[in-house]
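Asks: Here is what each chain is made of, one letter per residue.
There are 6 protein chains.
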Amino acid sequence: MADKAMLVVSAHSADFVWRAGGAIALHKKNGYRAKVVCLSFGERGESAKLWRKGEMTIEKVKAARREEAERAADILGAEVEFFDLGDYPLRVSDEALMRLVDVYRELQPAFVLSHSQKDPYNFDHPLAMHVAQEARIIAQAEGQNPGQKVVGAPPVYAFEPHQTEQCEWIPNTFLDITEVWETKRRAIECMAGQEHLWDYYTRVALQRGVQAKRNIGITATRDIQYAEGYQRITPTVTGDLS
Amino acid sequence: MADKAMLVVSAHSADFVWRAGGAIALHKKNGYRAKVVCLSFGERGESAKLWRKGEMTIEKVKAARREEAERAADILGAEVEFFDLGDYPLRVSDEALMRLVDVYRELQPAFVLSHSQKDPYNFDHPLAMHVAQEARIIAQAEGQNPGQKVVGAPPVYAFEPHQTEQCEWIPNTFLDITEVWETKRRAIECMAGQEHLWDYYTRVALQRGVQAKRNIGITATRDIQYAEGYQRITPTVTGDLS
Amino acid sequence: MADKAMLVVSAHSADFVWRAGGAIALHKKNGYRAKVVCLSFGERGESAKLWRKGEMTIEKVKAARREEAERAADILGAEVEFFDLGDYPLRVSDEALMRLVDVYRELQPAFVLSHSQKDPYNFDHPLAMHVAQEARIIAQAEGQNPGQKVVGAPPVYAFEPHQTEQCEWIPNTFLDITEVWETKRRAIECMAGQEHLWDYYTRVALQRGVQAKRNIGITATRDIQYAEGYQRITPTVTGDLS
Amino acid sequence: MADKAMLVVSAHSADFVWRAGGAIALHKKNGYRAKVVCLSFGERGESAKLWRKGEMTIEKVKAARREEAERAADILGAEVEFFDLGDYPLRVSDEALMRLVDVYRELQPAFVLSHSQKDPYNFDHPLAMHVAQEARIIAQAEGQNPGQKVVGAPPVYAFEPHQTEQCEWIPNTFLDITEVWETKRRAIECMAGQEHLWDYYTRVALQRGVQAKRNIGITATRDIQYAEGYQRITPTVTGDLS
Amino acid sequence: MADKAMLVVSAHSADFVWRAGGAIALHKKNGYRAKVVCLSFGERGESAKLWRKGEMTIEKVKAARREEAERAADILGAEVEFFDLGDYPLRVSDEALMRLVDVYRELQPAFVLSHSQKDPYNFDHPLAMHVAQEARIIAQAEGQNPGQKVVGAPPVYAFEPHQTEQCEWIPNTFLDITEVWETKRRAIECMAGQEHLWDYYTRVALQRGVQAKRNIGITATRDIQYAEGYQRITPTVTGDLS
Amino acid sequence: MADKAMLVVSAHSADFVWRAGGAIALHKKNGYRAKVVCLSFGERGESAKLWRKGEMTIEKVKAARREEAERAADILGAEVEFFDLGDYPLRVSDEALMRLVDVYRELQPAFVLSHSQKDPYNFDHPLAMHVAQEARIIAQAEGQNPGQKVVGAPPVYAFEPHQTEQCEWIPNTFLDITEVWETKRRAIECMAGQEHLWDYYTRVALQRGVQAKRNIGITATRDIQYAEGYQRITPTVTGDLS
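Protein chains in written order, with our numbering: chain A, 1 to 242; chain S, 1 to 242; chain F, 1 to 242; chain G, 1 to 242; chain R, 1 to 242; chain B, 1 to 242.
Treat the hints with care, since some could be wrong.
A pair holds if it fits inside one copy or across any two, identical chains being indistinguishable in the list.
What the hints assert, rightly or not - Okay, derived cross-link-like pairs now, DSBU-like style, lysine-lysine, Cα gap no bigger than 30 angstroms in a straight line: (1) Lys-149 <-> Lys-35; (2) Lys-149 <-> Lys-4; (3) Lys-118 <-> Lys-28; (4) Lys-28 <-> Lys-53; (5) Lys-28 <-> Lys-149; (6) Lys-49 <-> Lys-29; (7) Lys-49 <-> Lys-118; (8) Lys-4 <-> Lys-60; (9) Lys-60 <-> Lys-149; (10) Lys-28 <-> Lys-213; (11) Lys-4 <-> Lys-49; (12) Lys-49 <-> Lys-149.
No wet-lab data here; the hints were simulated from the structure.
From just these sequences and the hints, can you work out the full model?
Replies: Structure (structure tokens):
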């Protein structure tokens, strides 16, 4: 299993921590290679605390955000690559899209995580998911860099957005992250600029933990305390329905 | 795994064959106990060929349908229980509902299969699913026959309806039934009264097979020829996203 | 074409006038037999003006509503049958359902009109549509009164509810009723107890007329002034797409 | 404002506490009369802890649940009426429906709170909402107990279900309950049999508080810490859009 | 209240009149500043009558449309700014988007009105709404022109499209415009090129008036004759549910 | 009828054969002019077999695909025009959009066929439909090439995608193609590079044939063996509902 890999496509540099940090830490622990692509640093729209410090420039904010993200990725065990495409609004050129196709081809991920397909509070998020899906489709095409190994059909999941119901996001998959929770919390605490969200996302993990338990039934012996919710977008192919 | 069980709730006596015959044969082969509850025989609404023979009574039609269903269940490896509630329209009293609750409690199924939640061509079908879900909820209640072992949270799947798109049924799960296809086809051929559907459902299995292959990717080595589509209604709880 | 027939299933005794009066008058003119089934008189919930007169009884209200409906049906050219099942709430027993099945079998309608499938302002309306569909399905069953001629697959349409958007009703079919508008208006004027709705439904017909014109394009020569909107529920089978 | 009233229709005896306790305490404080109708005690399906004590009977469980609910209602400032219709499954006869109509007529509520319209985990919940809506419609009918004062069009809200996304429940209204949070928490602590939910619903209130703040904008001066989410089902009529 | 403001983002130069003219006049009367941004003049796609005059150029049409819109805005009491981005198709560059962000920052609107999120008859309309939302999000970002005052979270409403049901637009808010109806009608009559729509939108206002009355209940004393329908997209935060 | 025309907008050069080949052959036979616009050749994403041959270049693949498409169009009786815009990803400039507008103006189609509005497996497909609709809207505008004849309101249909349910595509129209099936099959067999799909789409036609029969009812005398499914996007305007 050592050669399995996972890919996270994150609109801003902190999204992968709040929303998929448990999945990264858990799969890393289980032998996966984990790679995160941050399309932007969230420098304009998700760095309010930094801007309020005064004497800030866009480059200083980006540097601070990069450092935080790298430390968090390090704790979780992920490689991180920054595309630096700008935010609020994020715009993705075809050149950037093709760079993401190359990531798919090189990584050959077993599954892909990105944002919800709708988010009325944040238009960068659905765009990131759109790009994650489009790059996956192109990476499957035989005519794209012929000779290179095409990718298979890695399942695509939408991780949890901020206001789930407004985003019409429905978690059909719960990932038990109890055994890596401490790691995720440490990664979260790297996000110095968004300290108000630390407890918010701790509560999210606890609520999803309770719900995960309910969805395996009270008769189950497995003790889940923390979980992450995901919406699987692509169908499952299986040989057993239980 | 010998004590695992599966439950199929079928509105009419042939539905479980067309729509879940592969799942039954496959899980049976893999050590599951399989139980089918037929809420009715489909004696009024799905026995056109029998009625056209002339000199028919409702009892004769029911007997013929029962015999066909029993032979098919036998081939697939399932126990079958007939509730004989009538069809077109099917009506389910609370007494019948509680009989189904008892089946859940006794069987302790690992998963449950029933009809799509909507079917504008057949109102008996969504009712069967509704009842399958309601009985599951009651079987989870501690106050129902206190002392009896409650059921956990077995996943619920909707099997494939006749005109899928009109039923707003979306297959998010494909089950590879290639290795038991011959068994399913033999069970299908028990349905003498609906011979026109034999090839129809053979083509369904072939199409779902092609789609299942596509959903694992062209790089996959597994060769799927026949599949069944299912819509999983309840969330998955897992420790691995690939 | 003289033997074609149409069926309208109306929850209350005035619904068929406001919502399908144009369709009745037009098809009648074109040689159809038109039959209306009123499941109730709308005596409790849609007769406010009568109740305010004082000295009213439920029987007096029903008699007044029946008379109005009969006069309107007469103007439109429809037969009308009252099932008198009560309103607010309407309740439909299986016996009443089977009476409606008999209507289908006798009438052999070429198409069926009833209410929208959802109506948060009026629960009698979606129930009427549900019953209209269920009776149609049973009337198709060979085991229902074997020997009787079964019905084919008459298309089902939902006519226009009062607050269309709240009812999630979408008109995919516009019927040009310009040539029978005067007849419809006269039928509307039979509804003495709901005079405030006369102009409301005249405006509805004008708006739908404008929309119908837009949907054939400004290059079309046909001059539509009044129309009725319908949501076709069942698929069309055709040999020409224009 | 002393004569304004609010109505809560609760499927089981604890639902109104978790889901609408803040709304009750807040409106009570602001001069409303608050009335809760509990259709059942939740004696079979939501009293697991009591049943596990052993030596239990259905009557003992109902008595314990009633006592808890009465104490909680007392703390919140609500009158509570128990219809005792049974749970898992809840069944509502037309007689019970008419009893609820009488409550509407007597109370003349300014708004109504009940469950989400869908809940795959609990079929009693959507039924309670259905009944709350149907009773409201009947209470508006002039022919229902003619002479009695009919009700107007009180807005209907769905309060928060357990697994919101699975229930397709979307909060379009946030109620700031910061000033009555301590009262709600005390009412919650009356629910001795469901202690595991105390912290769960405290976290719900904190998350909704964060979201409410976000929806008034970071420039707002109002400090919201706790909130309840509601889905308003009926339209607003207003003279100002801000 | 003198410093409150409202913003209307209109795809073509007449949209704000038909669809939000009442809201503008009413809020203006109540002390709001009202600003309209017209992204285009509708010169190609909504000026049929002008083009049929012959001897027309795109500049002449734009001038005529501008003059009409300015007169209408003047009657309603609104400032109007033309972005002149072209229509059929409308295209919005990031530069134009940022110009709209500046409008938000300068105006600090209490609420925003724009088109429905879907419109199969007119792709310029949903684009205008998309841009209105995206500009609002960017105007909230601290990193956009740091030091400038960011905007809060002004509610966003979709005003009424031409064929509402096809646009999946659902009015969850009715605005009573009875007291400013005459003003709106005068503004409508400035639209010389679309005289066929004058009566159409008068009927729309009457229908929405009837519906608004129904949604406050027949027991209400407020007499509503004309109304505008809006779909509120963003949640309400409140301290009272009635 | 000789001057009627139909338009097919196909994302890749083979789509029109699998998905609309029957409609083309049938309408051609009935006197229509049929025109197909292929936005790309599908050279990168739908030519796997060609690429695997080795020694391939993009130009060779395009030439091979063009030849296949021309032969198929010839058999079906259609003119075909290639826009050569590239695939995986397809990108449509405003210049290309206007070229399609010109096709509309010249052809004056009686109806238009294109892809489903959603397709998670293929983002080129929904883009093609979007462009087909946007060009239609622009072709209706009086200000587009003033003096040229504008188009009316030709109905728009979405033809069948590969995995229908995932695309949320619902066939509301079945076209009986029994009489031209042999022609369609011959056109299909021109697609040498996708031989694995020949039988797949033959089975699709058989399944739709069975469903079409069911939707006219078992009492109908018309014998349908092969059909194509379409989702009509635009409303029907009619004078008869049967």
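Asks: With reference to the structure, classify each hint as holding or not holding.
Replies: Do the hints match the structure? See the list:
no.	hint	in the structure
1	Lys-149 <-> Lys-35	within (19 angstroms within a copy, 38 angstroms between copies)
2	Lys-149 <-> Lys-4	within (15 angstroms within a copy, 41 angstroms between copies)
3	Lys-118 <-> Lys-28	within (29 angstroms within a copy, 34 angstroms between copies)
4	Lys-28 <-> Lys-53	neither (36 angstroms within a copy, 39 angstroms between copies)
5	Lys-28 <-> Lys-149	within (24 angstroms within a copy, 38 angstroms between copies)
6	Lys-49 <-> Lys-29	neither (33 angstroms within a copy, 37 angstroms between copies)
7	Lys-49 <-> Lys-118	within (26 angstroms within a copy, 36 angstroms between copies)
8	Lys-4 <-> Lys-60	neither (36 angstroms within a copy, 36 angstroms between copies)
9	Lys-60 <-> Lys-149	between (40 angstroms within a copy, 21 angstroms between copies)
10	Lys-28 <-> Lys-213	both (23 angstroms within a copy, 28 angstroms between copies)
11	Lys-4 <-> Lys-49	between (38 angstroms within a copy, 28 angstroms between copies)
12	Lys-49 <-> Lys-149	between (44 angstroms within a copy, 15 angstroms between copies)
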